[in-house]
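S.K.: Residue-level listing of the chains:
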Amino acid sequence: MKHGYVYGLAALLSVIGLSVFFYKWQVLGFPLTEDQEKPVWTIESAISFDSGPGSIKVQLHVPTLTPGFRMLNENSVSRGYGFSLNYGSGGREAQWAIRRADGEQRIYYRISVYEDDSVDESDTTPPFPPLPVINEPMNTAVEVLVDDVNDHSADTASFTTELLRRMNDPSPDPNVELLLSDVSMDSDFVDVVTMLLASARIPARIVHGFPLAGRQRSATLVSWLEVHDGDRWLYFNPATGEENLPDRFLVWWRGNEPLVSIEGGSKIQVEFAIQENHVDAVAIAERQVAQRGASAVDFSLYSLPIRTQAVYGVLLMIPIGALIMVIMRNIVGIDAFGTFMPVLIALAFRETKLFWGLILFTLLVTLGLTIRFLLDRLRLLLVPRLSAVLIVVVMLMLFISMTSHRMGMETGLSVALFPMVIIAMTIERMSVVWEERGPADAIRGGLGSLVVAVAAYTFMGMTWLEHLIFTFPELLLIILASVILMGRYTGYRLTELRRFKELARG
Amino acid sequence: MVLAAKKLRAIGVLGLNERNTDFIMRLNPRRLFPRVDDKVLTKELALAAGMAVPDLYGVIAHQAEARNFAAMVGDRSSFVIKPARGSGGDGILVVIGRNQHKRDSFRLSNGMLISEGEILHHISNIVGGQYSLSGNRDKALIEYCVRFDPTFAEVSYQGVPDIRVVVYRGYPAMAMVRLPTRASDGKANLHQGAVGVGVDISTGKTLNGVLDDVVVEEHPDTGALVADLQIPHWDFILESSARGYDVTGLGYLGVDMVIDNDRGPLILEMNARPGLNIQIANCAGLSNRVRRIDEIYDSSATPEMRAAIARQEFPA
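Chains Y and G supply the protein sequences, listed in that same order. Quick note on numbering: the numbering used here labels position 476 of the first sequence as 476, and the sequence is numbered without any gaps. So the numbering used here is basically just the index in the second sequence, starting at one, shifted up by 506.
With the rest of the complex left out, here is chain Y:
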C-alpha cells in the first residue's frame, strides 16, 4: 500500500537524520547550543638553563597518554632552536638543539588539553617485570616484607594498598624503615614502592602530572603510582594507599627518568604554569573530527569559507519556513498568495526586522495595487501588464528608499531586499482576486500571507534553531520526513472546523 511507502520513507529519513545527529552530538561532541564553551587548559613549561660553550641539546618529557584528556594542540617557543618530538622509552620527548648559545636561555613548551571522558588508556599490557637485583641487607628486608604483604592480601589491588599502608605507617616496622632510609623526595618513595612491587612480579610505574584546577602560576608536579592488575592500569595514592586519581589529573610523563635533561648546559630548571580558558565547543569538535579522520560524517558547514557559511546560514532556514508553510496551509488552513511567497517575505523580514518589514511590505503592496488598478483602465494584455507592474514595483522600491534616505531613516533602504518579482506577482494575483471575489477576499488573502510570513519569520529567526540546523544539517532529513508525513495528512484543517460548524451542530 502507498501509505506504507510513505511511512517507511519518513521513518528511514528520520532514522538516518537522527543517528547522524546523535553521533555528531554525543560522540564528536558538537554542541546543541551556540554559546556552549568547554574549559581548555594550557600548560606551559618554561625551561631555563645556562648555556655551555658548545652545542646544546635539551630533552623534556611531554604528555603521551593522558586518560580523561584530549590534546587540542601543542607548540614550542624557542628562538633559534631546532625542535622535534620523538618517542623515547618513557613516552614522547620534546628535543631542542642548537649549535651555540650565549648566556641564560629560556625555552617554552605549551600544550592545550580539554576534558574528554572517552579518552581511555590504550596502553599495552606490560610484561612481568624482571626481579630486581638488590644487595643485602636490603634484599632480606624486601623478601620478608613482600611475603608478609602477600599473606595479607588477595589480589594486585589489595596487595598494593596493604604495601602502601605499611610503608606509610607512622611507626614502621624495621624492614620498612631500612628500605626508606635513603628516601628524601616523594618520587624516591614511589621508586622504592615500584621496586617492591617488581619483587612481587607486579608491573608498576610512577606517573607524574598535575591536578588541573583554575589558574596556577607555578604548578608542582605530583607523583602517583600506577599498577597493572593484568587487565588495566590502576592508580594509587602513594601517600595513603587509596585507589584513586585526583580530579582532573593530567598525566605528564611516566617512569623514573628525569623530566628534563641537558647536554652542553647547566643549572637546568623547569617551571610549570597552568591557564584555564573557555573555548567554543564547535571548534573543539571540529578539531576532533579532523584528528579522527571521520571524514564520512564531515558534512560540517564550518569547513566552508566564511562568506559561503553566511549564505548557508540563511538558506538552511528556508526548509524551516517551508515546514511552517505546510503547517499553516494543510493543518491550520490559512489562505496565502503564492506557494512560497510568505517564506520569501519572511527572508526579507530577517534583514528589515519585523516592524519595518511589515510597514514596508504593506506600503509596497498598497501602492502597487493602486497603480495596478490604474493600469487596468489601459486594457493591457496579461504579460505586458505583469511586466508593467514589475517595473512599477521596482520604481516604488527606489522611491521608498530615496524618500526614507532623505528623511534620515536608513531602514527604508532595506526595501530593496524584498523579492520584487514575487511582490509583483502578488499584486497581480491580489488585484484579480479583488475584482473577481471582492476586496474582502483579497485583503483576507493578503493578511493570510502576512500571518504565515510572520510565523515563518519567527521560527526562521530563532538563533538556537539556526545554530542547530547549521551545525547538524542532517536535521533537514527530519524536516523532510515530517513534510512527507504531512503530505498524507487527511484530517481536518483548523479553519474547516469553523467552516463546517453548522454541520457539527446539526
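Hints are computed from structural coordinates only; laboratory data are not their basis. It is possible that part of the hints are untrue.
[To be verified] A short list of chain Y residues far from chain G (calculated; beta carbon distances all over 12 Å):
#: 1; residue: V62
#: 2; residue: N73
#: 3; residue: G264
#: 4; residue: A322
#: 5; residue: L369
#: 6; residue: I371
#: 7; residue: L380
#: 8; residue: L382
#: 9; residue: V392
[Stated by the list, open to error] Subject to a maximum C-alpha distance of 20 Å in a straight line, what follows is the list of computed EDC-like cross-link-like pairs (lysine to aspartate or glutamate):
#: 10; chain 1: G; residue 1: K645; chain 2: G; residue 2: E775
#: 11; chain 1: G; residue 1: K608; chain 2: G; residue 2: D581
#: 12; chain 1: G; residue 1: K645; chain 2: Y; residue 2: E436
#: 13; chain 1: Y; residue 1: K501; chain 2: G; residue 2: E524
#: 14; chain 1: G; residue 1: K513; chain 2: Y; residue 2: E502
#: 15; chain 1: Y; residue 1: K38; chain 2: Y; residue 2: D280
#: 16; chain 1: Y; residue 1: K267; chain 2: Y; residue 2: E104
#: 17; chain 1: G; residue 1: K608; chain 2: G; residue 2: E624
#: 18; chain 1: G; residue 1: K711; chain 2: G; residue 2: E723
#: 19; chain 1: G; residue 1: K711; chain 2: G; residue 2: D741
#: 20; chain 1: Y; residue 1: K501; chain 2: G; residue 2: D719
#: 21; chain 1: Y; residue 1: K57; chain 2: Y; residue 2: E263
#: 22; chain 1: G; residue 1: K645; chain 2: G; residue 2: D655
#: 23; chain 1: G; residue 1: K512; chain 2: Y; residue 2: E502
#: 24; chain 1: G; residue 1: K711; chain 2: G; residue 2: E660
#: 25; chain 1: Y; residue 1: K501; chain 2: G; residue 2: E723
#: 26; chain 1: Y; residue 1: K501; chain 2: G; residue 2: D718
#: 27; chain 1: Y; residue 1: K267; chain 2: Y; residue 2: E257
We put the beta carbon where it would ideally sit given N, CA and C, even for glycine.
Assemble chain G onto chain Y, guided by the hints.
M.R.: For chain G alone, kept in the frame of chain Y given last:
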C-alpha cells in the same frame, strides 16, 4: 477543537486534505484532467456521448481571432463568453441583450451596458490566460445563453441557477442547486456569495440553503423560501451526471447542469475538484455516502442503474 474534529468525523464530513489525497489523487489521474479543465474538450466528449450541452457559437484561441467575434455572434442578442480553462466561474460574461439601435452595445445579466471594445478586451484577457488555472494561454468560448426554467425564478437574483451533482465512481452522491445573488454578481458560485441549496437525491426536492457557510431558509435578495422546490427532469439530471463518469473517467467528479426552458437539462461543465460546501448545503457528510458507494460498487452497472441506486440509497 479535538472534540469538534471528532464530531465532524462522526458525521462523515470530508475535509480538504482528505479530498485532495484520498479522492482527487487516488481517483482522478492527472492525464484525465484536460477532459474537464478544457471546456471545449468537455463539450466534444459530452456531445459524442449523446449528452445535451449548450450550443457552441465559436472559439477564440488567438488574439488575432478576436475580430471574428462579431461574425461568431452574428445577429444573436444573447450569448455567454467564458474561458475554456477557467475555474470557480471566474471570467464568465453573460450577455442577455443588445441595444436595438446601437448594435455594438450589449447588456449584461447584471443590467450593466458594455461596449464591444470592452468585450474584446475581456476576450483578450481570457486568451492571455488571466482566468486559466495555471496562468497559461487560454481559449475563449462563445456559446448559447441558457434561458432558464422558471422553477428557480423566485429564488434567483439575475444570472443562471445551476445544479451541481457530485459523482463518486459513477454514482451520484450528493447534489445542490446554486442560486445567484446580488453579492455573487449573477454567478452561481458559492465562493462569490451564491446560495447553495441541498437536494434530496431520491426525490429531487430542495432542502435548506447555505450562504457563506451559514444555513439560510430564504434567498437573501428575493426573500422567497428555497426549500421544497421540485427540480424538473430529476431522473434525467441524475442519469446525465452518472454518465459524466463514463465520459471523463474521473472517480470524483462534479457535474454542473442548467435547466433550459426549451431544451431541458444541459451540461454546462464538469469539475475534477468539486468543492466541499455541498456538504453544508445538504447538512450531511460526503464520507458516509462514499463508503456506502464503495460497498455497493458494481463496475458493470449502466449510468441509468447507478442513478436509480443512488435514488434508493440517499434519501435526505
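S.K.: Hints first: check each against the structure and report whether it holds.
M.R.: Tested hints:
1. V62: holds, 66 Å
2. N73: Y/N73 is indeed farther than 12 Å from all Cβ atoms of chain G, at 56 Å.
3. G264: holds, 85 Å
4. A322: holds, 17 Å
5. L369: Holds: least Cβ distance 16 Å, greater than 12 Å.
6. I371: holds, 18 Å
7. L380: violated, 9 Å
8. L382: violated, 3 Å
9. V392: holds, 18 Å
10. G/K645 to G/E775: Distance ~15 Å between G/K645 and G/E775 Cα, so the pair holds.
11. G/K608 to G/D581: holds, 13 Å
12. G/K645 to Y/E436: holds, 19 Å
13. Y/K501 to G/E524: holds, 18 Å
14. G/K513 to Y/E502: Holds, because 11 Å separates the two Cα atoms, which is no more than 20 Å.
15. Y/K38 to Y/D280: holds, 7 Å
16. Y/K267 to Y/E104: holds, 10 Å
17. G/K608 to G/E624: holds, 15 Å
18. G/K711 to G/E723: OK: G/K711 and G/E723 at ~14 Å, within 20 Å.
19. G/K711 to G/D741: holds, 12 Å
20. Y/K501 to G/D719: Holds. Y/K501 to G/D719 sits at ~8 Å (cutoff 20 Å).
21. Y/K57 to Y/E263: Holds, at about 5 Å.
22. G/K645 to G/D655: violated, 29 Å
23. G/K512 to Y/E502: holds, 14 Å
24. G/K711 to G/E660: holds, 15 Å
25. Y/K501 to G/E723: holds, 17 Å
26. Y/K501 to G/D718: Roughly 12 Å separates the two Cα atoms, so the pair holds.
27. Y/K267 to Y/E257: holds, 18 Å
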